[in-house]
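Here the protein sequences come in this chain order: U and Z.
Read left to right, the first sequence gives residues 2 to 417 (the working numbering).
Read left to right, the second sequence gives residues 2 to 417 (the working numbering).
Source of the hints: derived by calculation from the structure; they are not laboratory data.
On a predicted model such as this, the values are computed, not experimentally measured, just so you know.
The reader is advised that the hints may include incorrect statements.
Intra- or inter-copy, both count: the list cannot distinguish identical chains.
[What the hints assert, rightly or not] The list that follows gives simulated cross-link-like pairs (lysine to aspartate or glutamate, EDC-like), each with its CA atoms no further than 16 angstroms apart:
1. Lys-411 <-> Glu-233
2. Lys-367 <-> Asp-391
3. Lys-125 <-> Glu-260
4. Lys-125 <-> Glu-381
5. Lys-106 <-> Glu-386
6. Lys-106 <-> Glu-395
7. Lys-101 <-> Glu-191
8. Lys-156 <-> Glu-395
9. Lys-79 <-> Glu-47
10. Lys-221 <-> Glu-47
11. Lys-199 <-> Glu-114
12. Lys-101 <-> Glu-242
13. Lys-84 <-> Glu-114
14. Lys-55 <-> Glu-142
15. Lys-246 <-> Asp-52
16. Lys-344 <-> Glu-143
Number of protein chains: 2
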Amino acid sequence: MRAEIITIGDELLIGQVINTNASYIGKKLSEIGISVARIVSVGDVEKEIIDELKYALDNFEVIILTGGLGPTHDDVTKNAICKLFNTRLVFNESVFNQVKEFLAKRGINQINEANKSQAFVPEKAKIINNYWGTAPGFLFEEGGKIVIVMPGVPKEMMGMMENFVINYLAPKSGENVIKQRVLKTAGIAESHLYEKLKDTVAEIEKFCKVAFLPSALGVKIRITVKAKNSSEAEKIINEAEEKIKTKIGKYIYGVDDEELEEVVGKLLAQKGLKLAVAESCTGGLIADRITNIPGSSRYFERGIVAYSNEAKIQILGVPEELIKIYGAVSREVAEAMAEGVRKISGADIGISTTGIAGPTGATPTKPVGLVWIGYSDKNETFAKEFRFGDNRLENKQRASQMALEILRRKLLGIEI
Amino acid sequence: MRAEIITIGDELLIGQVINTNASYIGKKLSEIGISVARIVSVGDVEKEIIDELKYALDNFEVIILTGGLGPTHDDVTKNAICKLFNTRLVFNESVFNQVKEFLAKRGINQINEANKSQAFVPEKAKIINNYWGTAPGFLFEEGGKIVIVMPGVPKEMMGMMENFVINYLAPKSGENVIKQRVLKTAGIAESHLYEKLKDTVAEIEKFCKVAFLPSALGVKIRITVKAKNSSEAEKIINEAEEKIKTKIGKYIYGVDDEELEEVVGKLLAQKGLKLAVAESCTGGLIADRITNIPGSSRYFERGIVAYSNEAKIQILGVPEELIKIYGAVSREVAEAMAEGVRKISGADIGISTTGIAGPTGATPTKPVGLVWIGYSDKNETFAKEFRFGDNRLENKQRASQMALEILRRKLLGIEI
Chain U
2 MRAEIITIGD ELLIGQVINT NASYIGKKLS EIGISVARIV SVGDVEKEII DELKYALDNF
62 EVIILTGGLG PTHDDVTKNA ICKLFNTRLV FNESVFNQVK EFLAKRGINQ INEANKSQAF
122 VPEKAKIINN YWGTAPGFLF EEGGKIVIVM PGVPKEMMGM MENFVINYLA PKSGENVIKQ
182 RVLKTAGIAE SHLYEKLKDT VAEIEKFCKV AFLPSALGVK IRITVKAKNS SEAEKIINEA
242 EEKIKTKIGK YIYGVDDEEL EEVVGKLLAQ KGLKLAVAES CTGGLIADRI TNIPGSSRYF
302 ERGIVAYSNE AKIQILGVPE ELIKIYGAVS REVAEAMAEG VRKISGADIG ISTTGIAGPT
362 GATPTKPVGL VWIGYSDKNE TFAKEFRFGD NRLENKQRAS QMALEILRRK LLGIEI
Chain Z
2 MRAEIITIGD ELLIGQVINT NASYIGKKLS EIGISVARIV SVGDVEKEII DELKYALDNF
62 EVIILTGGLG PTHDDVTKNA ICKLFNTRLV FNESVFNQVK EFLAKRGINQ INEANKSQAF
122 VPEKAKIINN YWGTAPGFLF EEGGKIVIVM PGVPKEMMGM MENFVINYLA PKSGENVIKQ
182 RVLKTAGIAE SHLYEKLKDT VAEIEKFCKV AFLPSALGVK IRITVKAKNS SEAEKIINEA
242 EEKIKTKIGK YIYGVDDEEL EEVVGKLLAQ KGLKLAVAES CTGGLIADRI TNIPGSSRYF
302 ERGIVAYSNE AKIQILGVPE ELIKIYGAVS REVAEAMAEG VRKISGADIG ISTTGIAGPT
362 GATPTKPVGL VWIGYSDKNE TFAKEFRFGD NRLENKQRAS QMALEILRRK LLGIEI
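Kindly generate the complete structure, drawing on both the sequences and the hints.
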């Protein structure tokens, strides 16, 4: 079963509102095995709505349409639908009672014309109740095609989807379910990842789909499977994951919504280790990410944002000569920062960053994007050099991610 | 001039990625008077891309297409474009040099096949340089139609839009323009803001549109104007802004994309003052935000994330008895933290946060969401109590925003 989603509203076209409705509906339909082939947004223009609906009816089995059902003058969806299905708007007593009841609950007892107009619905349609607002949804089913029309207010649309639409469509879909899994990697470029996985991908693409999605926090590998039922989909996806892990397992830090700070936090808590962080170019971002995780006070001792050289010397114990000789952005200072914050705080592990986030601060030998990341525990202290890009915020992101990734690998005994 | 936006990628259809690209492009085109009539998302399927492009070419003058240009096997946009425009992919030396240069800056000197494939571009097309990634964009102009193709990575697409596309299209458009301005407030609830502005909004809505958009960082007031040309739109929007400012000016910290950390940073730089921050519940978020601003090293001396009590005592000089008597989350400790970080660092101003971000850590008298924010300069030290919500990340956001807002008001001599 294939579907098209049509979202109506000028606010979508001029970029005033981001189309979260379409992604929500896309996700819900995928989960019950209906594959969304197309998403279209058009304005509140009758002809364009009708044209798009005709195209959708010619090509797909399910059409979900949202928006343009409000009581104001610019909402034209109902008329467009009536023309297309050769029906007319009729007053529906039961919808009218619902509208009155909904408003009464909010202390509104005076019903105006705009409210009343909500009770006019296409004669041929089946009504979908709206318990979250005043505009009813409706449904047409004809010749193997299903058209579902809902308001564009996210809360109302989501209420109808969860309360009615999903339950109505799921048994009709019957065939396939779509499942996805995202494997998140850090510390390897997309092209290198692809090189290492080319053959594996060719092999597993016989029974699923693989996509590479790069970002400042690393490359995500998304596996998509279509199968007869949920357990079969799970089986296929697990096999694909295993095959990928065999090749590049060490780069994968998490699955689906798992964040690196969460993974690292769990490892620290399990091992009963305390962490302290000394940041220069990341400016507090590492501490911020670590403390986003509930319960992080168990393993996070302190963070020092040593932006000035004085702070590096005074609270991290970095020897002044090191800064003089090698500069603040250097292997030596990164190591001294990591070791300093560990020793002074009494934590088990110290990590540090020092670099040139940009856009200013570069020197002939030290370009924007140069970052040293330091690590120190009771057995060893070292620092690694990275060259990121020229975007300040992205450099902070990337440096924070690599610092956490180095920590993850050390905690797991993976080579860096 | 009417436009269609085509966004390509399975991740959009299954709801894994929200289509922010389309709304960004829609907004940018509206601002230069090009009206977006239609937004379509389809998967990485050659035939569907071609069909949609044909429809768009038949109906609109401008077509903007994003996505499916990466170096991996699932990116099919380039082939689709070649078939449609009856051209072929040719190796472009100058693009290849750019790709190599881009990778070299990131320390990657080994060019693989996937990287090299980026340098194959449609023979007939004009190249749009990509300084933010490796996939070039391109442009076809034929028979009064303009087709622009860009990568789907938001940063790359936005770079090309701002660097090239808008400048290229703006002179060709020349019609009605839509302008928006956002006034950003902090430290006042939406309902209170609305009460103060009700009459003003009724008055200015005669010639423009006003919307209130609440978030964890405060309430934004958005003014939208449609006018014949840019200078007329500017005039109307300036008048509306003035009227709003007369009523609630002290709550407005910035306009449009201006962030509070940027506003505060400018004030500190102007006054030649140095800031130090001592954070507990915000966990580094304030330091992170401050150091997001280029040049912040001029006024940001250090940040201390004193998550443990030991850190508060050891590096901020908070007296141990204060924590014992009043608890770490208290007026007394917030004040001692702000004063401590200021004195020890030698900065002019110290700010601090201590609170219960949640979900754990609450006591019968100290609920989740309770936060004390401290401020200290050479003349005074004080702390203010806030009650935020029960969402950890939002509590961090709100506390960081209020700390910066208190700083802003102190720097401007506005009552708190």
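A quick look at each hint next to the structure:
no.: 1; hint: Lys-411 <-> Glu-233; in the structure: neither (36 angstroms within a copy, 61 angstroms between copies)
no.: 2; hint: Lys-367 <-> Asp-391; in the structure: within (12 angstroms within a copy, 44 angstroms between copies)
no.: 3; hint: Lys-125 <-> Glu-260; in the structure: neither (43 angstroms within a copy, 44 angstroms between copies)
no.: 4; hint: Lys-125 <-> Glu-381; in the structure: neither (68 angstroms within a copy, 58 angstroms between copies)
no.: 5; hint: Lys-106 <-> Glu-386; in the structure: between (48 angstroms within a copy, 13 angstroms between copies)
no.: 6; hint: Lys-106 <-> Glu-395; in the structure: between (37 angstroms within a copy, 14 angstroms between copies)
no.: 7; hint: Lys-101 <-> Glu-191; in the structure: between (51 angstroms within a copy, 15 angstroms between copies)
no.: 8; hint: Lys-156 <-> Glu-395; in the structure: between (26 angstroms within a copy, 10 angstroms between copies)
no.: 9; hint: Lys-79 <-> Glu-47; in the structure: within (9 angstroms within a copy, 34 angstroms between copies)
no.: 10; hint: Lys-221 <-> Glu-47; in the structure: neither (41 angstroms within a copy, 24 angstroms between copies)
no.: 11; hint: Lys-199 <-> Glu-114; in the structure: between (62 angstroms within a copy, 11 angstroms between copies)
no.: 12; hint: Lys-101 <-> Glu-242; in the structure: neither (48 angstroms within a copy, 32 angstroms between copies)
no.: 13; hint: Lys-84 <-> Glu-114; in the structure: neither (23 angstroms within a copy, 54 angstroms between copies)
no.: 14; hint: Lys-55 <-> Glu-142; in the structure: within (15 angstroms within a copy, 30 angstroms between copies)
no.: 15; hint: Lys-246 <-> Asp-52; in the structure: neither (47 angstroms within a copy, 38 angstroms between copies)
no.: 16; hint: Lys-344 <-> Glu-143; in the structure: neither (68 angstroms within a copy, 67 angstroms between copies)
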